[in-house]
Amino acid sequence: MSKLNPSDRFYSKDHEWVKDTGNGSVVVGITDYAQEMLTDIVFVELPAVGKKVVKGEPLAVVESVKSVSDVYAPVGGEVLDVNTRLEDNPELVNADAFGEGWIAIVKPDNPGELKSLLSADEYDALLQEEKH
Amino acid sequence: MKKTPLYEKHVACGAKIIDFGGWAMPVQYTSVIDEHKTTRSAAALFDICHMGEIEVCGPQAFDLLQFALTRDLAGQTTGQVKLSALLNDRGGIIDDLTVYKMAEESYWLVTNATTREADLERITALGKAKGFDFRIADISDKTGKLDVQGPAAAAVLAKLTGADLPALRFYHFIRSQVAGIPAVISRSGYTGEDGFEIYADAASTGEIWDALLAAGAPRGLKPAGLGARDTLRLEAGMMLNGQDITQETNPLEVPYGWLVDWKKDFAGKAALAAVRDAGIRRKLVGFEMTGRGIARHGYPVLKAQTPIGSVASGTFSPTLQKAVGLAFVDIRHSEPGTEIAVAIREIRSQARIVPLPFYKRQK
Numbered sequence: 001m002s003k004l005n006p007s008d009r010f011y012s013k014d015h016e017w018v019k020d021t022g023n024g025s026v027v028v029g030i031t032d033y034a035q036e037m038l039t040d041i042v043f044v045e046l047p048a049v050g051k052k053v054v055k056g057e058p059l060a061v062v063e064s065v066k067s068v069s070d071v072y073a074p075v076g077g078e079v080l081d082v083n084t085r086l087e088d089n090p091e092l093v094n095a096d097a098f099g100e101g102w103i104a105i106v107k108p109d110n111p112g113e114l115k116s117l118l119s120a121d122e123y124d125a126l127l128q129e130e131k132h
Numbered sequence: 133m134k135k136t137p138l139y140e141k142h143v144a145c146g147a148k149i150i151d152f153g154g155w156a157m158p159v160q161y162t163s164v165i166d167e168h169k170t171t172r173s174a175a176a177l178f179d180i181c182h183m184g185e186i187e188v189c190g191p192q193a194f195d196l197l198q199f200a201l202t203r204d205l206a207g208q209t210t211g212q213v214k215l216s217a218l219l220n221d222r223g224g225i226i227d228d229l230t231v232y233k234m235a236e237e238s239y240w241l242v243t244n245a246t247t248r249e250a251d252l253e254r255i256t257a258l259g260k261a262k263g264f265d266f267r268i269a270d271i272s273d274k275t276g277k278l279d280v281q282g283p284a285a286a287a288v289l290a291k292l293t294g295a296d297l298p299a300l301r302f303y304h305f306i307r308s309q310v311a312g313i314p315a316v317i318s319r320s321g322y323t324g325e326d327g328f329e330i331y332a333d334a335a336s337t338g339e340i341w342d343a344l345l346a347a348g349a350p351r352g353l354k355p356a357g358l359g360a361r362d363t364l365r366l367e368a369g370m371m372l373n374g375q376d377i378t379q380e381t382n383p384l385e386v387p388y389g390w391l392v393d394w395k396k397d398f399a400g401k402a403a404l405a406a407v408r409d410a411g412i413r414r415k416l417v418g419f420e421m422t423g424r425g426i427a428r429h430g431y432p433v434l435k436a437q438t439p440i441g442s443v444a445s446g447t448f449s450p451t452l453q454k455a456v457g458l459a460f461v462d463i464r465h466s467e468p469g470t471e472i473a474v475a476i477r478e479i480r481s482q483a484r485i486v487p488l489p490f491y492k493r494q495k
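Chains Y and C, in that order, are what the protein sequence lines are.
With my numbering, the residue at position 48 of the first sequence is 48, and numbering never jumps.
With my numbering, the residue at position 144 of the second sequence is 276, and numbering never jumps.
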């Protein structure tokens with residue numbers, strides 16, 4: 001069973017989460033549901049710090065033994081930091097997708113964009129649909 | 133999609149199902165890595181009912197197979213299994229298959245799932261052209277196949293059969309029973325571990341499956357899917373038909389030269405001899421990533437910025453804890469130790485050609 005989707009952040013339909021840090025940047029990761037679908041994450045390709053990302057375009061790549069999956073940028077902006085621990089410990093995404101398995105910190109071009117994402121309740125509803 | 137007799141059991145225990153060459157097959161039950169490690173450390177059970185079985189009988193069954201296949205079958209004894217290749221007229225591999233000598237004038241061919249129709253067609257045509265006296269039948273639908281693989285496989289199977297397993301040598305088989313059901317037990321597999329391939333009536337496969345799961349549970353046996361089967365075979369340096377081998381691949385450019393017996397005549401020999409005499413231009417080699425990333429099927433292989441080939445199979449090796457693969461490369465850059473690069477999306481990551489296999493079990 002997936003862990004509860006925390007209500008302190010926003011979600012994309014592509015199963016990324018976005019958490020506002022309160023000082024002009026957001027933390028981005030993939031949801032627990034996403035890591036559960038991927039299983040056994042063995043490699044994470046992180047973006048370069050300073051890279052400009054466009055909403056909906058690839059931000060990072062997550063690989064399981066069998067699959068290669070893009071992580072899409074849920075907001076457009078500049079990459080301020082990446083979780084370099086994932087280079088040697090990609091399994092952190094499996095173990096703690098909402099916490100230590102975070103992928104990047106992005107400075108959104110348009111902070112208002114967050115409002116267009118899903119709330120935890122809306123994301124819960126989306127998962128219910130996907131599971132049926 | 134076609135379903136094996138065990139499909140409902142896979143779904144019931146939560147397996148993730150994929151389309152494998154038109155078959156709905158379990159790719160994993162819990163996790164590829166867990167199932168892989170279970171096979172290396174204990175034992176795992178695989179549903180392999182999708183593979184094909186073709187029966188060849190009659191006074192000239194031997195003559196037909198001796199001509200159709202590249203391997204010399206003259207010394208094969210009843211109860212012995214031989215891996216061989218079936219070629220097209222261009223010397224390309226239609227299938228790599230195993231030949232079971234069931235009795236004098238009676239053989240089984242165990243084929244890949246996606247090649248069984250092509251095999252049947254090719255062998256039948258060759259036999260007719262030669263005017264041989266033989267009978268051939270596709271018995272795949274009535275024949276189930278289960279693989280039990282791993283260091284504990286023999287101990288688990290011994291609980292369910294009276295067959296003398298300690299006396300059964302590698303690449304040999306016996307007709308016996310498993311859980312009271314008539315079965316062919318072959319000491320062979322596709323994982324690099326000790327283990328068995330079990331053939332029985334398709335309708336009884338479910339009973340054998342349940343019996344093996346129950347008998348194996350105390351030894352740590354679990355069901356494993358095609359995901360683990362793929363990483364296990366790759367670590368063991370074995371090729372996957374349809375991915376590493378196609379009809380455009382000849383046995384000399386992949387590690388199948390040993391399957392070719394030049395002293396006899398066989399279908400495709402003239403074309404293959406021409407390839408041999410001209411010299412092969414590319415070769416399938418093993419490589420390991422020394423840089424970051426995982427090489428995947430189709431990624432370009434480079435030597436100092438110049439393309440020299442492409443990746444055939446690539447994965448993360450759960451045993452070695454690094455990315456490995458098989459790649460076709462220019463013969464001039466195919467020696468073990470050669471430093472190469474693999475283009476992974478925008479980056480070029482370093483890799484090194486290494487001898488096969490990646491993994492060899494301790495005996």
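No wet-lab data here; the hints were simulated from the structure.
Treat the hints with caution; some may be incorrect.
[Unchecked claim] Under the rule of at most 20 Å between Cα atoms (straight-line distance), these lysine to any residue pairs were calculated in the SDA-like manner:
id : chain 1 : residue 1 : chain 2 : residue 2
1  : Y       : K131      : C       : P350
2  : C       : K291      : C       : N244
3  : C       : K454      : Y       : T84
4  : C       : K454      : Y       : K51
5  : C       : K214      : C       : R203
6  : C       : K134      : C       : K214
7  : Y       : K51       : C       : K134
Structure-based check of each hint:
At roughly 34 Å between alpha-carbon atoms, K131 of chain Y and P350 of chain C are farther apart than 20 Å, so this suggested pair is violated. As the CA atoms of K291 of chain C and N244 of chain C are separated by approximately 30 Å, the hinted pair breaks the 20 Å bound. Our distance criterion of 20 Å between C-alpha atoms is met by K454 of chain C and T84 of chain Y, whose separation comes to about 18 Å. The straight-line distance between the Cα atoms of K454 of chain C and K51 of chain Y is roughly 28 Å, outside the 20 Å bound, and the hint therefore fails.
Between K214 of chain C and R203 of chain C the alpha-carbon distance is near 8 Å, which keeps this suggested pair within the 20 Å criterion. Using a Cα cut-off of 20 Å, the hinted pair K134 of chain C and K214 of chain C is violated, with the two alpha carbons roughly 28 Å apart. A hinted pair counts as satisfied when its Cα atoms are at most 20 Å apart, and K51 of chain Y with K134 of chain C does not qualify at roughly 47 Å.
Hints 1, 2, 4, 6 and 7 from the earlier list are contradicted by this structure; the remaining hints agree with it.
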